[in-house]
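Participant: Protein sequence lines, in the order shown, are assigned to chains A and B. With the numbering used here applied, the first sequence corresponds to residues 1 to 855, in that order. With the numbering used here applied, the second sequence corresponds to residues 1 to 272, in that order.
Read the hints as simulated data drawn from the structure, not as lab findings. Since this is a predicted model, take the numbers as computed values, not measurements. Worth double-checking, as some hints may not be accurate.
[As the list claims (entries may be wrong)] Not the full set, but computed from the structure, chain B residues with beta-carbon under 7 angstroms of chain A:
#, residue
1, C15
2, F20
3, K23
4, E24
5, I61
6, E199
7, E200
8, A222
[As the list claims (entries may be wrong)] Heads up, simulated SDA-like pairs for lysine to any residue below, C-alpha to C-alpha not over 25 angstroms straight-line:
#, chain 1, residue 1, chain 2, residue 2
9, A, K22, B, E136
10, A, K235, B, A222
11, B, K203, A, A325
12, A, K763, B, V52
13, B, K47, A, T772
14, A, K852, B, E50
15, A, K235, B, T55
16, A, K22, A, D741
17, A, K333, B, F245
18, A, K763, B, E49
19, A, K54, B, F153
20, B, K203, A, Y284
21, A, K763, B, D264
22, A, K235, B, E50
[Said to hold, decoys possible] Derived DEER-like restraints, expressed as beta-carbon distance ranges:
#, chain 1, residue 1, chain 2, residue 2, range
23, B, N211, A, S51, 37 to 47 angstroms
24, B, T167, A, G773, 23 to 33 angstroms
25, A, G773, B, D230, 27 to 37 angstroms
26, A, E319, B, R229, 24 to 34 angstroms
27, B, E241, A, E307, 43 to 53 angstroms
28, A, N601, B, R229, 55 to 65 angstroms
29, B, E241, A, E767, 37 to 47 angstroms
30, B, D161, A, S51, 22 to 32 angstroms
31, A, Q449, B, D161, 57 to 67 angstroms
Glycine included, every Cβ here is placed at the ideal spot set by N, Cα and C.
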Amino acid sequence: MEKVFTNLTTGGPISVYVEDGKITRIRPLQVPEEDYPKPWTVEDKNGKKYSPPKAMRVAQNIMAEKNRLYSEDRILYPMKRVDWDPDGERNPQNRGISGYERISWDEAATIIAKEIDRLAPRDENGVFDGHAITALTGSHHNWGIVGYKMAPFGRFFSMLNYTPILDNPDSWEGWMWGAPHMWGFYWRLGQPEQFDLLPDAFKNTDMIVFWSNDPDSTHGIYSGQESNIWRVWMKEMGMKCVFIDPFYNYTNAVMDGTWFAPRPGTDTALAAAIAYQWIIDDTYDHFYVENRTVGFDEFKDYILGKEDGVPKTCEWAAEKTGIPARRIRALAKEWASKRVAIAGGVRGGEGSACRTAYGTEEARFIIALAAMQGFGKPGVSIWGTTMGAPADYTWFPGYAEPDSQMGKSSAANTKYAASSVKQRLYRLNYPEDIMNGKGEFIGDGFCGQSIEQQFVQHEYPIEGKVKMLWRYGGSFMGTMTETNRYVQLYRHVGENQLDTVINQDCWFGGEAKYADLILPACTNLERNDLGEWSVGGGYTTHAEIGNNWRVIVREQKCVEPLGESKSDYEIFQEIAKKLGVWEQYTDGGKTEDDWAEAYWNISELSKRMSWEEFNKKGYYIVPVPEDYEEHPAFRWYYEGRDCDTQDYLNPKIKAVNNMNTMEPTENSKELGTFSGKIEFASESLKKLSPEDNERPAVPHYIPSWEGHETELYKKYPLQIISPHPRFSFHTHYDTHASWLDEIPCHRMIIDGYAYWIARINPKDAKERGIKTGDIIELYNDRGSVLCAADVTYRVPEGVMHSYGCSAKYDPITTETGATDRGGCVNILTNKRWLSKNAPGMAPNSCLIEVRKWEC
Amino acid sequence: MGKAFFIDVAKCSGCYNCQFACKEEHCTNEWLPIAAKQPMTGQFWLKVEEHVEGTKPMVRIHYIPVLCNHCKDPACLKAAKNGAVYKREDGLVIIDPEKAVGQKEIVDACPYGNIYWNEELKLPQKCTGCAHLLEEGRVPRCVDVCHTGAIRFGEEEDFADFIDGATVRMPELGLGPKVYYRNIPGRFIAGTVYDPEEEEVIKGAKCHLTNGVKTWDAETDAFGDFWFRDLPRGLFTLTVEADGFDELHFPEIDTKGNSINLGDQPMNRRKA
Chain A
1 MEKVFTNLTT GGPISVYVED GKITRIRPLQ VPEEDYPKPW TVEDKNGKKY SPPKAMRVAQ
61 NIMAEKNRLY SEDRILYPMK RVDWDPDGER NPQNRGISGY ERISWDEAAT IIAKEIDRLA
121 PRDENGVFDG HAITALTGSH HNWGIVGYKM APFGRFFSML NYTPILDNPD SWEGWMWGAP
181 HMWGFYWRLG QPEQFDLLPD AFKNTDMIVF WSNDPDSTHG IYSGQESNIW RVWMKEMGMK
241 CVFIDPFYNY TNAVMDGTWF APRPGTDTAL AAAIAYQWII DDTYDHFYVE NRTVGFDEFK
301 DYILGKEDGV PKTCEWAAEK TGIPARRIRA LAKEWASKRV AIAGGVRGGE GSACRTAYGT
361 EEARFIIALA AMQGFGKPGV SIWGTTMGAP ADYTWFPGYA EPDSQMGKSS AANTKYAASS
421 VKQRLYRLNY PEDIMNGKGE FIGDGFCGQS IEQQFVQHEY PIEGKVKMLW RYGGSFMGTM
481 TETNRYVQLY RHVGENQLDT VINQDCWFGG EAKYADLILP ACTNLERNDL GEWSVGGGYT
541 THAEIGNNWR VIVREQKCVE PLGESKSDYE IFQEIAKKLG VWEQYTDGGK TEDDWAEAYW
601 NISELSKRMS WEEFNKKGYY IVPVPEDYEE HPAFRWYYEG RDCDTQDYLN PKIKAVNNMN
661 TMEPTENSKE LGTFSGKIEF ASESLKKLSP EDNERPAVPH YIPSWEGHET ELYKKYPLQI
721 ISPHPRFSFH THYDTHASWL DEIPCHRMII DGYAYWIARI NPKDAKERGI KTGDIIELYN
781 DRGSVLCAAD VTYRVPEGVM HSYGCSAKYD PITTETGATD RGGCVNILTN KRWLSKNAPG
841 MAPNSCLIEV RKWEC
Chain B
1 MGKAFFIDVA KCSGCYNCQF ACKEEHCTNE WLPIAAKQPM TGQFWLKVEE HVEGTKPMVR
61 IHYIPVLCNH CKDPACLKAA KNGAVYKRED GLVIIDPEKA VGQKEIVDAC PYGNIYWNEE
121 LKLPQKCTGC AHLLEEGRVP RCVDVCHTGA IRFGEEEDFA DFIDGATVRM PELGLGPKVY
181 YRNIPGRFIA GTVYDPEEEE VIKGAKCHLT NGVKTWDAET DAFGDFWFRD LPRGLFTLTV
241 EADGFDELHF PEIDTKGNSI NLGDQPMNRR KA
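Same shape as in the complex, but just chain B (with noise of 0.2 angstroms):
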C-alpha cells in the first residue's frame, strides 16, 4: 500500500487548472533533490485529454486527466542505470535529476509516455507526484487545484471503495498502475424516433438493447430522444416499439469505432 491518485473522470469539468497549476509548480521552480526546472513548454506532467463522441445533436465530452501512474512495478526504474529511478517508501516513484543525466532510455521505457526528455538539461522528467510538498503536509498542485473534487491523492487503503469498480491504464502490462479512474464512460448509442405523418417526435418509446450478452432498455424523452451510456464496444442489435407503430429494428449497430447516433428515425403508423 502507499500513495496514489484517485480520478473521477465523471467529475471533471475540462477547467485544465491541473495543468496549469503543475507547471506553475514546476516550471520556473527548481525542487532538488526531488525536481529540476521543467522547460516552458512541451511537457505535460500532467496533461489534460479531451474525448468528443458522436455527432450533432447526440454528442458527449468527457476529459481524462493523464499523469505519471506511479507504477508498482515502474518499467523506468527497470531501464535506469545507478537508481537513477528509484521509488519512494511513500510509493511514488522519482527520477534523481541528477542521476538520470543522459539517461534518454528512462524516457524510452514508459509505455504510457508519460516521461519527457529535457533536451537542454540531458534529463528525463515526469510527475512527481509533488513529493517535495508532502514533507509540508500539502497536497500535489493538481489536487490542491482541483474544485470539482476529480482528482484526489491519497493513501491506498483509505479510498478501497474507489479502487473497487476503478480501472487502470493499460492494466494489461501489468505494471501496478497507482493512478486509479473511475466513471470513464464507455461508448453510447442514441438517436430521435418521430412520426413522419405528425411531424411530431415519439415520447416514451420503448427501446430494447442487445449485444447478445447483455441487454439494456431505455425510453424516448421529451425530444423523442433515446440514450444507451457507457456501452463496451462491440456490435448491438437495437429495436424501439411504440403504439400505434411499427417497430423499429437496426440490426448491427457497431460501437469500435466511436459513438453512435442514429439520428432520426421515422416510424410508420401501424396500419389496421
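Just chain A, with the same shape it has in the complex (with noise of 0.2 angstroms):
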C-alpha cells in the first residue's frame, strides 16, 4: 500500500512515495493544480507578460534525496573507538587509524554524562559550568525549524554552558568583511536587499554582469532550480549578459554570454578600470554620487594616480588581469551606454571572488560601480538574479529567527538563550588555538549587530581550555582552508589535548572517524518537522522571494529512523535523562510535535489554516496577495525616501506587529553606514581601523598574497579556485549519494574509486602530459590531493578549478607523506585570513602545482 508523504530539504519540498516503510520514490512536491493559488505575473520592457509554472523547482541533488537516506555511508548504530578509555588511556594520536565497537545507546549516554559531569560542574542552583566543553556544527545537513541546528543542539549546550566557536562567514566573507563600511547592511551580513528586482530587471534592464556568479549552480542557495526559468526568459527577451569568472560557469552556457576571466585574485583591477574609464569619459551618474554618497573625491583621486602615482588605466588593469586594455575599455563603455545589474553574487553578493586575499576590497568594488551608475535607479541594481520575485510577506519564523529556536523562543517556558561563559573560539583559528592553549582573533563572525561588532577583542582562554569537542553535522576539512590543521588537531598529544571528542552526524563525513565516539542521527524524513522553503530567517530576510511559490511546508515522518539511529533532539534527551536534566532541556517535556505546533501558531499564517488542516494537509502555498505593490530594493534611497522595503531587521525602520508592518522613523531615508550614505572613503575604518593599508578607507587594488605576482609563483605556477559546488551542497550529498560519482563534472569513478573532479586547461595538461581522466595530484608545501583530470576550456591557462566541498577526507600514505584521495582540495589553501583585520578565509588565493599521479 503506496503512502504519500510531504517533506522539506535545504534544495526544496518534495512528495515522498513510501511502500512497504520504504521510500520508492522522491518527487518535487506534488501539488495537484487546483491547489496553486494564482500566481504572481512580471512583464517586460514589450509588455509580454510571465508567470511561474506550477511545478516546485528543487535542486538536483534532490533528486537523489533517496540514494542519500539509503546511503552505505549512514551512520546506524552508537559506537566507540576501541581504544579511547575514559576511565584509562585515549590514545589521541590513534585517532582516524583505530577502530570502532558498537556500543548501545545506554553506554553511549552513560559515557557522555559521566565527562559531562566530569568536564561541567554545576552550582548549588544546578547552573554548568561548561567551559571545557566546546561544540560546533556544519550547516544544513538537514532542514526544519524543530531539528536544525540552532533548536536541540542550540538548547542543550546553551544550557550546558560551553565555549562556543563562532562560525565565520566563509561563502560571502568579503561582503561581510567589507561591505558594510560602504554601505551598512550589517544586518544582512554585508548583503544587499533584493525585493522586487525580478520585475524591476524585466522592465527596466538592459544588460546584466554576472560577476562572479553561478546561480544556475548555487541555487540561490535554498531555492533550488526556481529562478532558472527567469534567466531563460531573460535570454529570450534578449538580454545581454556578461560573466566575469576565471570559470566558464555553467550559467554561462546557458546564457550564452560574454566571457571575461581576469586572472584570480585580480577582479577588483578590473573594477578599479571600469571606474577609470568612467571618470574620464565622464559616463557616470554625478546627481547621484554628489547627494547619496561620501567620499568620491578620495575614491577618485586613488583610481586616477593621484594618490599613489598610478592611474588605475585599462593598460594597467590589463596586466593584472590578464584582459586585453581594448576590451575592458569596450565593457566600461558599453556597461555605461546602458541599465545594468550586477549579479554580483547568488544573492547580490558572495561568489568566489569575495573569498580571496583582500576580497573586502572586491565586494567594495562591486558596490562603488553600482554606485557610479546610481544603483536604485529603475534597472540599475545589484542583483544576483536568484531573488527578487513578488511574495506574501506575512512573516513566518525561519530557523535562524529568536522566536523558532527552542532555547529563546517565546513558546519556551525556560529558556537558554545563549551561553554564560565568556570565551570563545572561531571556525578559522581553533585547531592551532586549542593546540597552543591560546589565541586571539577578532569580530563575531557573523557580525550582524552593528558594525563596531567586527572589532571585538577576543582571547582564549578565559574561563580555562577545552577538553570536549563536539561535532555535529558536515565536514571542514573541504570547507575551511589549510584543513590538515584540523586533522592535526585530534591527534594532538599533551596538555592541550583534546580528551574527548564526539561526533553526531547521519552520515560518515570526512571527520566522523576522529570521533571518540559515534552517535548516529536520523534525517528530518525520518521525523516530524515543519519549515518553510528556502528560508532560514534570521540576516536573510525574507528568503521566499527566491521561489516561485512560497511553501510552508509539515515535515512528515516517512520511515522509521534507519538502524538505531534517532533524531537530534532524542539524542539529547537520552544524555539529557542520565545527567538528570531532561525537564529543564525538554521544557516540561515537550515533544518534536508540541514545538513544531507553537512555531505554526507564532506566525499570522496560522489564522489562514489550522494546525490541525496544516498538519493534515502537509503544506500550505502563500498565495501573493491580489493588490501587490512593488518596492523595488533600493529604490527608496535613490529617490531620497524612507526606505519602504520588508527589510525587517533595517533598525532605521520600525517593524510591528509581529515584524509585518513596516514603520519608518526619522533615519529610515539612510543607509546603514556611519554617514547614512554609500562612502567611497568608509567613514566607519576612518574611524574603527584608521591605520590599516589591507583595507583602507578607499578600496584599492591590492596585489593578492598569493597570486601571481608574489614569489611563490614561481614554484607554484598554478592558480586554483575552488568555488561552491554544482552538484552537491555544502558537504553534503557528495559521497552519501553514490549516483552524484557518476556526474563527469562531479566525480569520475577510476578503478572503482570515484575522484574528486579538478579542471586544467588543456595546455597546461599538455605540458604535464595529462589526459581526461588521469589520475593527478594537486600539491604545494601544505599538502597533496588526488584528483581526477577533466582537461577543458572552461578554465583559462594557468588557473585550474575544483569544487571546494568535498565530503571524503581519505589520507593515504607516501612517501610525501599524507595525500588525499578524497578530494579535499582546502588542504592545499592558505589559512591566512582575507586581510589582518579581515577575519574571513581566502581559498581562492591558492598557488599549486599539478602532476600525473604515478602510483
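Could you use the hints to bring the two separately framed chains together as a complex?
Facilitator: This is the structure:
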C-alpha cells in the first residue's frame, strides 16, 4: 500500500512515496493543479507577461535524496573507538587509525554524561560551567525548524554554558568584512536587499554583469532551480549578459554570455579600470554621486593615480588581469551606455572572488561601480538573479529567528538563550588555538548587530581550556582552509589535547572517523518537523522571494529511523536523562510535535490555516496578494525616500505587528553606514581602523598575498579556485549519494574509486602529460590531494578549478607524507585571513603545481 | 506511429535531473515484468553528455541526453532469442527481464551503446520508457523532472512539427530511432577584431563567411566579437571589413575537429 508524505530539504519541498516502510521514490512536491493559487505576473519592456510554471523546481541533488537516505555511509549504531578509554588511556594519537566497536545507546549516554559531569560541574543551583566543552556544527545537512542545529543543539549546549565556536561567514567573506563599511546592511551581514528586483530587471535592465556568480549551480542557496526559468526568459527577451569569472560557468553556458576571465584575485583591478574609464569619459551619475555618496573625491584620487602615482587605466588592469585593455575599455563603455544589474553573487553578494586575499576590496568595488551608475534607479541594481519575485510577506519564522529557536523562543517556558561563558573560539583558528592553549581573534564571526562588532577582541582562554569537542554535521576538511590543521588537532597529544571527541551525524563524513564516540542521527525524512522553503530567517529576511511559490511544509516522518539512529532532539534527551536534566532540556516534556505546533501558531499564517489542517494537508502555499505593490530594493534610497521595503531587520525602520508592518523613523532615508550614505571613503574604517593599509578607507587593488605577483608563483605556477559546488550542497550529498559519483563534472570513477574532479586547461595539461580521466596530484607545501583530471577550455591557462566541498577525507600514506584521495582541495589553501583585520577565509588565493599520479 | 522522445538540446541546461530521476526510479525498485532492478552504479539508461567547444573567451557548451532510441527496427530485437526483446503496441522496446537472462549478445547488438550488462543478474538492461508508469497515466521520470521542457514524450503524430527538421542519432543505420533531437548546435567560428594603433575593439565590422556552397554574414558586437553559429564541419573562408581598415582575410578555417576561435585579430588602418 503506497503512502505519500510531505517533507522539505535544503533544495526544496518533496513528496515522498513509501511502500511497506521503504521509500520507492521522491519527487518535487506534487501539488494538484487546483491547489496552486494565482501566480504572480511580471512584465518585460515590450509588455510581454511572464508567470511561473505550476511546479516545484527543486535542486538537482534532491533527486538523489533517496540514495542519500539509504546510503552505505549512514551511521546506524552508537560506536566507541576501541582504544579510547575514558577511565584510562585515551590515545588521541590514534584518532583516524583505530577502529570502532558498537555500543548501546545506554552505554553511550552513560559515558557522555559522565564526561560532562567531569568537565562541566554544576553549582548549587544546578547551573553548569561547561567552558571545557566546545561544540560546533556544519550547516544544512537537514532542514526544519524543530530539528535544525539552532534548536536541539543550541538549547543543549547553551544549557551547559559551553564555549561556542563562532562561524566565519564562509560563503560571503568579502561582503561581511568589506561591504558594511561602504553601504551598511550589517543586519544582512553585508549583503543587499533584493526585493522586487525581478520585475524591475524585466522592465528596465538592459544588461546583466554576472560577477563571480553561477546561479544555475548555487541555486539562490536554498531555492533549488526556481530562478532558472527567469534567466531563460531573460535570454529569450534578448537580455545581454557578461560573465566575469575565471571559470566558464554553467549559467554562462545557458545564457550565451560574453566571457571575461580575469586571473583569480584581480577582479578588483578590473573594476578599478572600469571606474577609471567612466571618470575620464565622464559617464557616471554625478547627481547620485554628489547626493547619495560621500568620499568620491578620495576614491577618484586613487583611481586617477593622484594618491599613489598609478592611474588605474585599462592598460594597467590588463597587466594584472590578463584581459586585453581594449576589451576592458569596451566593457566599460558598453556598461555605461546601458542600464546594468550586477549579479555580484548568488544573493547579490557572495561569489568566489570575495573569498580571495583582500576580498573586502572586491565586494566594495562592486558597490562602487553600482553607485557610480546610480543603483536604485530603475534597472540599475545589485541583483543576483535568484531573488526578487513578488510574494506575500506575512512573517513566518525561519530556523534562525529567535522565536523559532528552542532555547530562545517565546514558546519556551525556560529559556537557554546563550552560553554564560565569555570565551569564544573561531572556526578558522580553533585547531591551533586549542593546540597552543591560547589564541586571539577579532570580530564576532556573523557580525549582524553593528559595524563595531567587527572589531570585538576575543581572547582564549578566559574561563579555561577546552577538553571536549562535539562535532555535529558536515566536515571541515573540504570547506575551511589549510585543513590538515583540523586533522592535527584531533591527533594532538599533550597538555592541550582533546580528551573527548564526539561526532553526531547521519553519515560518516570526513571528520566522523576522528571521534571517540559516534552518535547516529536520523535525517529529517525520519522525524516530524516543519519549515518554509528557502527561508532560514535571521539575516536574510524574506528569502521566499527566491521562489516562484511560497511554500510552508509540514515535514512528515516518512520512514522509521534507520538502524538505531535517532533525531537530534532525542539524542540530546538521552543524555539529558542521564544528567538528570531532562525536564529542563525538554521544557517540561515538550515533544517535537509540540514545538512544531507552537512555531506554526507564532505566525499570522496560522489564522489562515489551522494547525490541524496544515498538519493533515502537509503544506500551505501562500498566495501573492491581489493588490501586491512593488517596492524595489534601493529605489527608496535612489529617490531619497524612507525605506519602504520589507527589510524588517533594518534598524532605521521599525518592524511592528509581529514583523508584518514596517514603520518609518526619522532615519529611514539612510543606509546603515556612519554617514547614512554610500561611502566611497569609509567613515567607519577611518574611525575604527585608521591605520589599516590592507583595508583602507578607499577600496584598493592590493596584489594577492598568494597570487601571480608573489615569489611563490615561480615554484607553484597554477592558481586554483575552489568555488561552491553544482551537484552537492556544502559537504552534503557528495559521497553519501553514489549517483553523484557518476556525474562526470562532479566525480569520476577510476579503477573503482570515485575521484573528485579538477579542471585544467589543455595547454597546462599537455605540458604535464595529463589527459582527461588521469589521476592527478595537486600539491604545494601545505599538502597533496588526488583528483581526476578534466582537461577543458572551461578554465584558462594558469588556472585550475575544483569545487571546494568534498565530503570525503581519505588520506593515504606516501613517501612524501599524507595525500588525500578524497578530494579535499582545501588542504592546499592558505589559512591566512583576507587581511590582517578582516578575519575571513580566502581559499581562492592558492598556488599549486600538479602532476600525473604514478601509483 | 507510436511513442517517442523529443529532445530540444537548446533548452537543456545540464542539470542532470533526468539522469538522477532515472536512477531513482530503477536502481532500488523493480518494475516487473517491465524491468528488473538496475545496479546502483555503472548503468545509464539515460545519460547526459557534455560538449565543450572553442577556446577562451569564445567557449560554448551544450548537453545531450542520450537514452535508448526505441528503434522502429531494433537491432537488439533481432539479436534476441526466445522473444526476449519485444516491441509494445505503443512502440516502446522492452527487454524481458526473465527471458533475456544470459543473452549478452543483446548488449553487443545495440550500435548506440545504450544497453548495459547486469553482471549480477546476467541480464541486459536499458531504458524502458518508464512503461510501468504509462499505464498509470504518468510520463517517464526524466520527462517529469525536466524543468526546462527539454525532454518531452508523446505520440509522434502530436509532435509532427518537432519531427520536421529534427535529427536522430546515426540515421545512416536505418533503424528508425524514436528519440528525436532538435538544435544540436553545429560548429562555430568566432573571433575579435581590434585597432592596434588605438588599442580599441572594432564594433560593427562586416564579417563574411563562405564554404563555397553557402554564405553567412555577421557584424562585430560591442566587444569587437563576431560569431557564426551552427556551422557544418568543413573548410571556410572569412573576410572582415571595417571602414578605414584593410580587409582581413582568413582562407582555410577548418571546423572538422572543433569549433574555431580565431582569437584577437588586429586590423591595420588603411593607408591614404
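Participant: State the violated hints by number, sorted upward, taking the hints as numbered earlier in the document.
Facilitator: none
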